[in-house]
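Participant: We have chain A; now place chain B onto it with these hints.
As given, the protein sequences belong to chains A and B, one line each in that order. Taken in order, the first sequence gives residues 18 to 159; the numbers are from the working numbering. Taken in order, the second sequence gives residues 198 to 414; the numbers are from the working numbering.
Keep in mind the hints are simulated off the structure, nothing from the lab. These figures come from a predicted structure and were not determined experimentally. Be aware that a few hints might be false.
Unchecked claim - A short, non-exhaustive set of chain B residues, derived as facing chain A with CB atoms under 8 Å: (1) 286; (2) 288; (3) 333.
Said to hold, decoys possible - In silico DSS-like pairs for lysine-lysine, Cα to Cα no more than 25 Å straight-line: (4) 332/B <-> 114/A; (5) 332/B <-> 109/A; (6) 297/B <-> 328/B; (7) 369/B <-> 97/A; (8) 395/B <-> 297/B; (9) 114/A <-> 327/B.
What the hints assert, rightly or not - Partial list, computed: chain A residues near chain B (C-beta under 10 Å): (10) 63; (11) 65; (12) 72; (13) 74; (14) 111.
Backbone N, C-alpha and C define an ideal beta-carbon position, used for all residues, glycine too.
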Amino acid sequence: MRKIVLFLVMSTVIVTLIYSCQDAEQLEYQTYYSNGQTLYQTYCQNCHGEKGEGLGLLTPPLTDSLFLKNNRTVLACIIKNGATTPVTVHGKTYEEKMPAFPKLADIDIAQIIVYVTNSFGNKMGMYPYADINKDLKSCATR
Amino acid sequence: MNKLCQSIRFVAPFLLAICCIACSNDKKLPFYGQREARITKAADGTEKVDTVYQTIPPFRLLNQDSIYITQDAFKNKIYVADFFFTSCSTICPTMHRNLKTIFDAYKNNPDVMFLSHTIDFKYDKPSVLKKYGQKLGVDGPKWQFVYGTKEEIYHIAEHDYLVAVQEDQSAKDGYIHQGWLVLVDKHKRMRGAYDGTKSDQVAQLQKDIAILLKEEN
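Chain A on its own, in the form it takes in the complex (with noise of 0.2 Å):
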């Protein structure tokens, strides 16, 4: 009897655990993703468009979710130092120049990411924080 006590008793703590660690999770991505949503209506709607939709063959679209998939870890670059290399989005080149964005703290561009990736039919998931620093570091080696 004690024993099944116990095993409830612990089981309930577990499960309350694991519960409440999702909550956090969920929450930390929710932030994310609404400040993101902000901070790309500030900086990146007027080109990028509201719906990701580019604007012509001056601003690619965010909507190439595979581009996006392959680059998650120069997405940090491109935001924070601009591009001027020619990208293929959605099989069309671009080759007009993206600013840099030096301003922006590293929190906003995770933030920013997190937005962009789950937004316009993107579904990456979490940007975590750790993941700029070492995402940035290789930056100037590109």
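Facilitator: Positioned in the frame of chain A, the structure of chain B alone reads:
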């Protein structure tokens, strides 16, 4: 008497409806800029007061095909004018995304044209404007992009279209300017100015173009 009342009651809604239709047909866009009263004498000696509105004076500017264009290009057309530059990374992309929706809506109407002046006299040579128009997806004579000296363009902006433009080293891209889309009628008079960065004002511009087209036909 009772009968009269009844028939009035019956007719009144129709009268009201006719009134409303007449009024909405009468809707006229305002005139922008300065105006003056001019007194003209008719043949029989009576005097008449006419209002003369500000008009866009003649110009001669290089377009995206490196050809000089003048007001002849806009003869009997209404057009939307604005000021921008190709390397502008702030308001211009929004302005031109919005203006392009109007361009697309009037694609097949030869009476509507577009005229974008670059304020970047250093970099935006006609070949740069050509490329920009092509990439925006509006290549062709309907949307003219024009280049001029700083003096020419800045004078046109401030005195003719009443849009503030300025070179400013401290601004993000080196220039600051207002994002007005100015609606000009077939008699070169300004009939509206809309903030090209706000989608509700651009929607209003689209409605006003329809009104202006009706007014002058």
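Participant: Does the nearest C-beta of chain B fall within a distance shorter than 10 Å of the C-beta of residue 111/A?
Facilitator: Hint on residue 111/A: holds, closest Cβ of chain B at ~9 Å, below 10 Å.
Participant: Between the alpha carbons of residue 369/B and residue 97/A, is the straight-line distance 25 Å or under?
Facilitator: holds, 16 Å
Participant: Are residue 333/B and chain A close enough, Cβ to Cβ, to be under 8 Å, as the hint says?
Facilitator: holds, 5 Å
Participant: Hint check: is the beta carbon of residue 288/B less than 8 Å from a beta carbon of chain A?
Facilitator: holds, 7 Å
Participant: Within 25 Å, alpha carbon to alpha carbon, are residue 297/B and residue 328/B?
Facilitator: holds, 16 Å
Participant: Does the interface hint hold: is residue 286/B within less than 8 Å of chain A, judged Cβ to Cβ?
Facilitator: holds, 5 Å
Participant: Take the C-alpha atoms of residue 395/B and residue 297/B, compute the straight-line distance between them, and say whether it is at most 25 Å.
Facilitator: holds, 14 Å
Participant: Answer holds if the nearest beta-carbon of chain B is closer than 10 Å to that of residue 65/A; otherwise answer violated.
Facilitator: Constraint on residue 65/A satisfied, holds at 9 Å.
Participant: For the pair supplied as a hint, residue 332/B and residue 114/A, is the alpha-carbon distance within the 25 Å limit?
Facilitator: holds, 13 Å
Participant: Under 10 Å, Cβ to Cβ, is where residue 74/A needs to be relative to chain B, so tell me if that hint holds or is violated.
Facilitator: holds, 4 Å
Participant: Going straight from one Cα to the other, do residue 114/A and residue 327/B come out at no more than 25 Å?
Facilitator: holds, 17 Å
Participant: Please work out if residue 332/B and residue 109/A have their alpha carbons no farther apart than 25 Å.
Facilitator: Roughly 12 Å separates the two Cα atoms, so the pair holds.
Going through the hint list in order, the structure satisfies each hint without exception.
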